[in-house]
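Undergrad: Sequence:
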Amino acid sequence: MNHSSFTYKNVFKGHDVMVFIPHEDDEINVAGATIYGLRQEGFHVICVFATNGDRSYLAETRIQEAAAALKMLGVPYEDIIILGYPDGELDASRSPYAQGVGHTITVDGHDSTYGIADKDDFPMAEYGKHTPYTRTGFLEDVENLIRTYHPANIIAVDFDSHPDHRACSIALETAIGHILNEKGNTYFPIVLKAYAYNTGFESVADFNSLHLYSTKFNRGRLADPSFETDNPVYRWEERIRLPVMEPCRNQSLSRNLIYQALRCHVSQRAFLKANQIINSDQVYWLRRTDNLAFCGTTTASSGNAEAVHDFKMVDVKNIADKKLAFDTCLWEPSSMDKERSITIHFYKPQHISVVKLYGNVNRGSRILAGRLVFSNGYSVETGPLEHNGQATDIPIESQNGIKWVTFQVLKTEGPHPGLTEWEIFDHPCPDMHICKILVNGEFAYHWDMYPGEMAKVGFYTYLENMPVVWKMNDVEMTLDKLNKMIAAGVLTSRIQAVSAQTGEILDEVYLRKASIFDKVKECYYRFPRNRLRRWIDRQKIARKHHKLRVLKRNSLKKI
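Here my numbering is used: the first residue of the sequence shown is 258, the next is one more, and so on.
Hints in this document: simulated from the structure, not taken from any laboratory.
Treat the numbers as computed from the prediction; the structure is a model and nothing was measured.
Worth double-checking, as some hints may not be accurate.
Unchecked claim - Within a straight-line C-alpha distance of at most 27 angstroms, the following computed DSS-like cross-link-like pairs (lysine-lysine) qualify: (1) K713 with K741; (2) K270 with K440; (3) K574 with K613; (4) K770 with K741; (5) K328 with K809; (6) K776 with K473; (7) K804 with K741; (8) K770 with K713; (9) K376 with K741; (10) K778 with K713; (11) K580 with K473; (12) K809 with K797; (13) K804 with K328; (14) K473 with K579.
Start from the sequences and build out the full structure, keeping to the hints where you can.
TA: Structure, rendered in structure tokens:
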């Protein structure tokens, strides 16, 4: 068994984690292996499903499938919450989550939230009444949910190609933004966002390979090839990579816990996506809530000043558009405004060491130059802001006792230049510690090097570089020498990364030089067994899947 210093306590704080997802099966896409790991370490995990997943199947079916899957991952039924909203239409004109749409009635006659026989929807359970299907009602329920449970940590779906996923991401960020902006607020959860599709359900199908690979982003499904991910603000290199416990990375499907959980989602035949979902890591992006921009009042010479501290990086008018216009959460000073400035007055003097500015997502407009001015007279000029709304780090000297900060726009291009958000911090990074040995850039636990292959060892750390001492079979050496010995043909090696400060083993991996016979064994034994497992499950589930669709059709006939 590999020794590792990794613990979820180095990433999450407190004892509770809320997982906020749109549909029943997204709990696995967004956080399957993480949920299992958190439960193994004693965290209280609450899973919230925004919709009943009822567009093609009965809500009872979808929710019970999710309950069975979550039970395998360690989450009891009482820790499942359903908001009770509909599985939204792909046409935004019928979706209750779209801006400008009034009270919605679904094809099966529902016009308000609902639960199932043994579990009420959240509004009914908490307030004794269902919520009408409106965008306003949805936003209010999400905010009330967070205020009710106050989770120390939130894992949530991010903005991707599915309209419901977009709606849930925007609603959650809107709700958190409302809470963070309240004067006297003391609630600052850790918020991790993840994709359900392009790093999960629709990711690269690479499970049946000689090695277990890390999560890949399926760039072939990007709405805009200039984006690095679905949410244009995120950089792929800034993702948080969490290790995966052994039951969730077993390369035999019949013994893999994630595959077993996917099999519970019969209606979705989710097990067919195991090759995309099972990886050696699970990836997230951190949304910091300790932004000092929430700790004051913001004014602007013109434009919507609230947009720069609403916690939303992106928003759209039509969540179903294929060609998106990210133009609804932007501070855009008037073209007639000669001052073009925005100012935050803090409730109390602050220490500031980091400033990040987020410009236009749409590439046709951009701030080319600006000036930051602090209340103590310190100022710094900025160059062009990054494209796609990505963060522009403004290099500043740490400042103490700051009462206000002003950003003035000096030069622009395009018709609608502005800011989507600004972040102001008193320290550069949160207290998170993750490290993992890499082989060829992949999270590695046990690595067989087959004939004709090369293996290069590296080290992943999140947020800070940890000084390490490398050991091969208990002999200290440099990383360069270690890789040279591997290239020279060392047969079997136990490779360890040891803390240079404490002597603690941070991580270890077993690297073995495999033979051609090992490769044949994998190709003609494990691969066929996995394919056979999927084929058998497909036959077993086919009839059940058909019956579930018939149940839904029959329920519609009764309306």
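Undergrad: Checking one constraint from the list: CA of K580 to CA of K473, max 27 angstroms. Satisfied?
TA: With a Cα-Cα distance of about 24 angstroms, the restraint between K580 and K473 holds, given a limit of 27 angstroms.
Undergrad: What's the verdict on K574 and K613, does the C-alpha distance respect the 27 angstroms limit or exceed it?
TA: holds, 26 angstroms
Undergrad: For K713 and K741, compute the direct alpha-carbon distance and say whether it is at most 27 angstroms.
TA: Since the Cα atoms of K713 and K741 sit roughly 9 angstroms apart, the hinted pair holds (cutoff 27 angstroms).
Undergrad: Quickly compare the C-alpha distance for K328 and K809 to 27 angstroms and report which way the hint goes.
TA: The hint holds at about 25 angstroms.
Undergrad: Is the hinted pair K809 and K797 satisfied, with a Cα-Cα distance of at most 27 angstroms?
TA: Between K809 and K797 the Cα gap is close to 20 angstroms, so the pair holds against 27 angstroms.
Undergrad: Do the alpha carbons of K770 and K713 lie within 27 angstroms of each other, as the hint requires?
TA: Within the cut-off at roughly 13 angstroms; holds.
Undergrad: With a cut-off of 27 angstroms on the C-alpha distance, tell me whether K804 and K328 pass.
TA: holds, 24 angstroms
Undergrad: Within a Cα-Cα threshold of 27 angstroms, do K770 and K741 meet the stated pairing?
TA: holds, 14 angstroms
Undergrad: Given the proposed pairing of K270 with K440, does the C-alpha separation stay at or below 27 angstroms?
TA: The given pair, whose Cα atoms are some 23 angstroms apart, holds under the 27 angstroms limit.
Undergrad: Taking only the CA atoms, is the gap from K804 to K741 under or equal to 27 angstroms?
TA: violated, 59 angstroms
Undergrad: Check the hint pairing K473 with K579 against an upper bound of 27 angstroms on the C-alpha distance.
TA: holds, 23 angstroms
Undergrad: With the threshold set at 27 angstroms, check whether the alpha-carbon distance from K776 to K473 stays at or below it.
TA: holds, 24 angstroms
Hints 7 and 9 from the list above are not met by this structure, while the remaining hints are.
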